[in-house]
Each structure stands twice: as C-alpha cells, then as structure tokens.
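Undergrad: Listed here are the chains, written in short residue letters.
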Amino acid sequence: MVYLDNAATTKPSINALNKAEVFNSENYFNPSGLYSGGISALKEIKSAKEYILSTLRALNKDICFTSCGSESDNLAIFGLSKRGYYCTTKGEHSAVYKSFLELKNRGKQVFFFDLNKDGSVNLEKLLEFVKENEVGFISVMHVNNETGAINDVNFIAKEVKKINPKIIFHVDGVQAYGKIEYAISNDIDLYSISAHKINALKGVGALIFKKGLTLTPLIFGGGQENGLRSGTENVFGIKVFEFAAKEKYENIKDNFQKVLCLKNYIKDNLNKEDFEIISSKNSSPYILTVSAKGLRGETVMHLLEKEGYIVGNGSACSSKNRYSRVIEACGYKKDVLEGVVRISFNPENTLEEIKEFVNVFNLTVENLKKVMQ
Amino acid sequence: MKTVIIIRFCEIHLKGKNRGYFERLLQSNIESSLKDINHNFTALHSRYVVDDFDINDYDLICDKLKKIPGVHTFSKGLVVDNDFELISEAVLEVCKGKTGTFKVAVNRADKTFPIRSMDACRELGGRVLDNYKDLTVNVSNPDHLINVDIREDGKTFIYCDVEYGISGMPVGSAGKGLLLISGGIDSPVAGYMMAKRGMKLDCVHFHSYPYTGEAAKEKVIELTKKVSEYNGGMNLYVVSFTKIQEAIHKYARDDYMITIMRRIMMRIAERLSKKIGAQAIITGESLGQVASQTIEGMTCTEEVLNMPILRPLVAFDKLDIIKISKDIDTYDTSILPYEDCCTVFLPKFPVIKPSIETAKQEEAKFDMESLIEEAIQNAEKYQF
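These protein sequence lines map, in sequence, to chains A and B. Position one of the first sequence corresponds to residue 498 (this note's numbering), numbered consecutively onward. Position one of the second sequence corresponds to residue 54 (this note's numbering), numbered consecutively onward.
Note that these hints are calculated values from the structure, not bench results. Glycine is no exception: its CB is placed at the ideal position from the N, C-alpha and C atoms. Wrong hints could be hidden among the right ones.
[Unchecked claim] Cross-link-like lysine to any residue pairs, in silico, SDA-like; alpha carbons within 20 Å at most: (1) A/K558 - A/Q721; (2) A/K867 - B/R306; (3) A/K866 - B/G218.
[Stated by the list, open to error] Computed from the model, here is a short list of chain B residues facing chain A with C-beta under 8 Å: (4) Y262; (5) P263; (6) Y264; (7) A300; (8) D307.
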C-alpha cells in the first residue's frame with residue numbers, strides 16, 4: 498500500500514515514539530505535581546516549547562499546547578475580542594471558516610476574502626478592504642490544505658500592519674509547519690500548528706502567540722499552560738511532537754526538494770487531456786491537487802485504493818453541496834469540481850512508487866472514462 | 054413498598070381466541086429485550102409487571118420498552134399488600150413533589166377488600182390534600198390521575214404518570230419481510246413501520262463499490278442497527294451491484310436505466326427472500342416522490358415479482374416521513390452525504406412513465422441472469 502494522503506494525517510515516526518516512550522512508562526507523572534517526577538515532566542514540556550519556537554525562529558513569542566490544530570485556531574479566533582471586521586479567506590480550513598461563521602452568529606461583522614485561481618488569497622482585494630474598513634482581526638492560512646497554495650503571510654501581515662498596526666493577524670500554519678522553511682515575523686500575532694501532520698500523534702496541537710497578548714481560554718480548570726489551556730498536559734504526545742519536529746527540521750531542505758521532485762513527476766506525466774492540475778507551480782510541494790475532469794473524485798479514489806494507492810478526495814461532499822467549498826471559490830466549474838483528487842506526500846515516498854502510481858492513475862481514469870461514457 | 058413498571062398493550066385486546074398467542078409473543082419480545090438487565094418479569098391479566106430491578110436501570114428499561122412494538126403504555130408505580138394503610142402511604146409517596154390538580158381512581162378487583170372504591174377514593178384524596186398544600190382536586194380534568202389498582206392476588210399497584218410506547222403488534226406475529234434499504238431517509242422508516250405492525254424483517258442493500266464507498270456501507274449498517282432495535286435483531290445482506298449497473302449502463306437505454314435497475318433489484322430481493330423465508334418485499338417508495346416512484350414506475354418494477362411488495366410509505370408526504378425518521382433517530386444518519394447506488398450513473402431524464410414492454414426489450418440486450426446469480430452468491434451477511 499502506498500499512502501498519498503499525508504495532508505490528512507501522517508504515519509507516526511517510530512523513532513519519535515521510541516524516544517518519548519519513557520513518558521508513558523517511567524516518567525508518567527502529572528506535570529503539576531510538586532514532586533521531582535512532576536517537576537521533571539514540566540521541564541520536558543518547557544524544553545519542547547523552546548524547541549518548537551526555535552524551529553520558527555520565534556524568539557519573542559510564546560506557545561501554548563492544545564489538543565489539535567482546530568483547537569489552536571479556535572483559541573486564536575475566540576480568544577480575543579476585537580472591534581470591527583473579522584476577516585479571513587474563502588480558502589480556509591473548516592476550523593477557521595466555521596469559527597468565523599460562528600462569530601457571525603455571535604454578532605460580529607465577518608468578511609471573507611476572495612481567492613486567486615490557485616487557492617491563495619487575492620492580496621489586492623484584501624488590502625483594499627483593510628484600507629476601506631475598520632478591521633480588527635485577520636486570519637490567513639499559510640499553506641492551503643486543498644490546493645497547496647502558499648500565502649506569503651509575513652508579507653501580507655506587514656502590508657496589513659502598515660495600514661492599521663492594531664489589527665491582530667492570525668495564521669493557520671498546520672500544512673506548513675515542518676514542511677516549509679519559515680521564520681515567523683513580528684507582524685504575525687498568532688500561528689497555529691498541529692502535530693499529526695508531521696509524523697507525530699493526533700491529539701496535540703499548539704498555538705504560537707505574541708508575548709503579552711492576553712487570550713481568553715476556551716477551557717477552564719486547573720490553570721495549566723499559564724491558565725490558557727487547562728487540562729493535564731499530554732506529556733507523551735508533546736514529546737513525540739518535539740522529536741518528530743526535530744526529525745523534520747533536520748532535513749527540511751532535503752525533504753522539500755525530494756517531494757518537489759515527486760510532485761513534478763506526477764504533474765508532468767499525467768495525461769493532459771484527462772486531468773486539470775489545480776495546484777499551481779509555486780504551491781507547497783507536499784500537496785498536488787488535480788481533477789479527473791468529468792469523473793467523480795470519490796470513485797477514482799476507491800479505484801486507486803483497490804490498486805493499493807491511498808489518495809484523498811479533498812472535499813467532503815454533501816448531497817446539497819457536493820463540491821469542495823475551497824476549490825469552488827477558486828472559480829472552477831462543475832466538471833472539474835466533481836473530479837477533485839488530492840495527492841499529498843511524505844519524504845518517505847519514493848520516486849519508483851510514484852512512477853508506478855502515475856501509470857495506475859492514468860490507466861484507472863482512462864478505464865473509468867470508458868465505463869462512464 | 055417496591056417499585057414496579059406496569060406495561061400495557063392495546064390492539065391485542067381486539068384479538069379473539071388467539072389473543073393468548075399475541076400476549077405470549079409480546080411477553081417473550083419484552084423478556085428478550087430486557088435480557089441483559091437484572092429484573093423479574095410477571096405476566097398478569099392484560100398487563101405485564103417488571104420488578105426487582107436496580108432503580109438506576111429504570112431509564113434504560115424505559116428506553117427499551119419504547120422500542121418494542123406492541124407495548125402501548127407503561128407506568129412506574131409502587132406495589133404494596135392489600136392493606137389500606139400501606140396503600141395510603143404509597144399514594145402519598147407517588148404524589149410527592151407534584152403540583153396542580155389531581156384525582157384518585159380506585160379499581161377494587163379484590164371484592165374482599167373491606168373498603169369500597171368510592172370510599173377509598175375519598176379517604177385517599179383527603180389524605181393527599183392534608184399532606185400536600187400544592188395539590189387541589191379536579192375530578193373532571195386532573196393534571197395527575199393517581200391510579201390505585203387493588204388486585205385479587207393480594208397486591209395493590211399505585212401509579213400515576215403514563216409513558217407511551219410505540220403500540221402496534223408484537224414482532225413475529227405478522228410473518229417475515231425483506232426490506233430494501235438504501236441509506237436514504239425513507240427505507241429505514243418503512244422498515245420501522247412494518248416492524249411496528251409485527252413483521253420480522255431482514256434487510257438487503259445494494260452496494261456499488263467503487264462508485265460508492267465503504268462509508269456508504271457503514272451508513273447502511275448504522276441504519277440497519279437502528280431499525281433492528283425495533284425488530285429484536287436483524288440480518289443485513291449487502292449485495293454488490295457494480296457489475297449489474299455497469300452492464301445496464303453499457304447496454305440499456307439511458308432513460309430506462311433506473312427502471313431496469315429497480316427491476317433487477319426486485320429479482321434479487323425475491324430470490325433472497327426465498328432463501329431466507331421472507332414472504333414480502335418492503336420498500337420505502339412514496340407515490341410520485343421521484344421518477345421511478347410513479348404508478349407506472351411501480352407497475353413496471355413489480356411486474357417481475359411473484360410475491361407481494363409492501364410500500365408502507367406510499368401515501369406519506371416527505372415531511373411526515375422525515376418526522377418519523379427523527380422520532381426513530383435515523384434521520385441524522387440518513388442525511389450523511391455519501392453517494393448511494395442510485396445516484397451513480399444517474400440519467401439526465403429518467404423515464405417517468407416506463408412501459409413493461411420496453412423494459413423487457415432493454416433487459417434482453419444483456420445476460421442478466423448470470424449477473425443476478427453472481428450477485429446473490431457473493432452477498433455479505435451482517436447480523437445485528
């Protein structure tokens with residue numbers, strides 16, 4: 498089986514799991530405990546925080562561990578009450594998009610920025626809106642999880658703050674962290690990340706935020722994480738996150754080149770007449786979204802699974818709105834929207850298996866087309 | 054003083070000489086539904102009594118009783134010996150915490166009981182008034198009717214609130230049927246309606262992998278489980294329909310695709326019925342809902358059958374069906390957005406008034422028989 502849905506989740510790293518094992522066996526103590534075991538557990542969390550901040554070169558930032566990327570996004574969005582518009586893009590992950598719909602329910606003014614054809618935010622329109630309106634909060638994702646489009650968030654934040662330095666700027670960095678080299682700038686106030694997208698475990702995420710920013714917690718209780726996120730810390734999960742991040746950041750350049758090569762191979766070798774390539778040239782090399790025009794993505798996905806390849810179909814279809822909201826916002830029409838398939842890589846994927854995959858993919862779509870005619 | 058649940062049935066009362074059969078069947082259905090809960094079950098004249106259970110299990114027992122066809126109503130009550138002081142104590146206990154108006158109704162089946170019912174009513178009512186300032190008497194339209202049932206066996210039941218079951222007839226009293234379950238809103242409701250009338254059901258689902266996915270199958274499994282709670286367990290047969298659909302798509306006229314698909318589904322269902330001893334086929338069809346559910350469409354599909362096809366929802370509006378599906382908790386699962394076999398290869402303009410002749414002509418274009426046989430051979434069985 499070849500797993501090509503790494504944007505959904507990744508296989509936990511055995512090395513990271515082994516290294517963290519001690520926190521499931523001997524050092525299982527509650528980090529709030531005042532005995533040495535507890536204190537040492539708390540220290541371990543602290544060192545994980547320092548390491549993760551260092552990977553983003555975020556020296557004057559703070560970090561709070563959460564249970565997932567979605568919680569990090571929610572904490573960022575609901576943790577501050579700002580006057581004026583709350584703005585985000587039409588391409589956001591549901592964790593941000595639905596939170597903004599909830600803000601609207603709660604009486605906030607909400608605005609969604611248009612996308613470019615590749616899924617990145619239309620910067621011109623964004624800045625125009627910020628100039629003309631009172632905006633309090635902006636959230637822009639770093640790498641689009643459906644198209645792989647990269648937003649230059651440091652640049653966008655800088656431009657936004659030139660217009661209004663009081664705007665709080667949040668970035669959903671879930672698909673970028675550990676994959677794309679990036680130094681978080683001072684203009685970014687909040688940055689969400691998730692562990693299981695980089696070969697760590699589900700159940701751990703983090704929110705990186707500017708020091709001095711006062712956030713209201715979503716979860717109250719024992720006051721862990723400086724009162725920002727109560728609940729006994731997931732020491733094991735946090736350590737796996739740290740160790741997996743280390744593995745990623747040690748090889749981040751090589752990995753980038755490697756998956757870029759895989760992505761380009763597929764892009765260059767898919768039958769041009771059967772596929773529409775949705776991911777742009779400058780998108781994250783970890784995600785390639787294509788559409789088997791005129792076919793159903795889900796059917797293609799099942800057929801590929803039968804052949805031993807697991808891909809994502811990128812969209813949660815629903816009977817009323819069966820297409821991906823994001824790809825639709827990119828401006829594609831029905832025949833493309835129906836056939837969306839997302840291929841997302843891990844540096845462990847080999848060129849050999851990708852070559853084989855492309856053959857199978859081409860053949861599968863060709864055959865299915867014959868049946869559906 | 055002991056807590057009991059008194060269970061009553063309704064339509065079984067209309068039965069004549071065979072009433073005992075229905076009563077025994079309902080009794081065994083209730084007992085099998087409660088088999089995992091410690092309790093004692095007694096069948097009395099026209100009612101059943103459950104006692105000796107852990108009071109923490111009360112809600113669980115209620116939930117189960119509400120899913121047994123044939124159970125009309127039930128009440129939580131108290132049981133004491135036929136002694137007026139004990140009865141009075143129990144009446145006060147039952148009234149505890151109640152406000153508004155009340156009435157005491159005494160039924161004295163035990164004619165040796167020294168106090169006549171009217172006198173008992175007055176005396177008990179008086180004691181309630183003395184003890185609870187928030188209650189007043191209203192004999193014509195009380196908020197709370199306190200029932201006191203003095204029985205010949207030396208026991209008295211005291212109960213007030215009545216909870217409603219789903220009524221209907223005990224499952225197993227009306228033969229066996231095979232339900233075509235699609236994953237939509239209607240078919241689970243159709244199954245529930247037949248279960249409520251006492252029919253034992255099994256289900257058949259047509260699956261079109263890879264055009265439909267595992268998730269669609271899981272959804273049907275979930276729906277079958279929910280319907281099976283009203284049916285005392287159920288078998289689900291999942292038939293792979295892919296090859297048949299591909300053949301229909303390849304050989305038959307586009308607008309007749311759905312008609313032929315449904316005719317083949319019926320053929321498979323009939324053969325499966327023979328195998329499992331089902332006497333009727335059940336569908337969730339509702340007149341005019343979609344192109345295949347016109348009277349011409351139904352005529353054309355049922356032409357292939359030599360057994361009855363029952364459509365309990367035929368005259369139901371969609372909104373009424375949705376209401377029932379919410380009541381039986383299948384709605385949220387039914388609306389999960391997975392492809393089902395009917396939406397794959399959907400023709401742009403399906404024929405609304407198909408003719409049997411044309412359908413036969415189109416079917417003659419490919420070797421249906423071997424495909425049908427293969428599909429039945431490979432059916433997967435799930436038990437709930």
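Undergrad: Now tell me if each hint is right for this structure.
TA: For each hint, the structure was consulted:
no.: 1; hint: A/K558 - A/Q721; result: holds, 18 Å
no.: 2; hint: A/K867 - B/R306; result: holds, 17 Å
no.: 3; hint: A/K866 - B/G218; result: violated, 52 Å
no.: 4; hint: Y262; result: holds, 6 Å
no.: 5; hint: P263; result: holds, 3 Å
no.: 6; hint: Y264; result: holds, 5 Å
no.: 7; hint: A300; result: violated, 10 Å
no.: 8; hint: D307; result: violated, 11 Å
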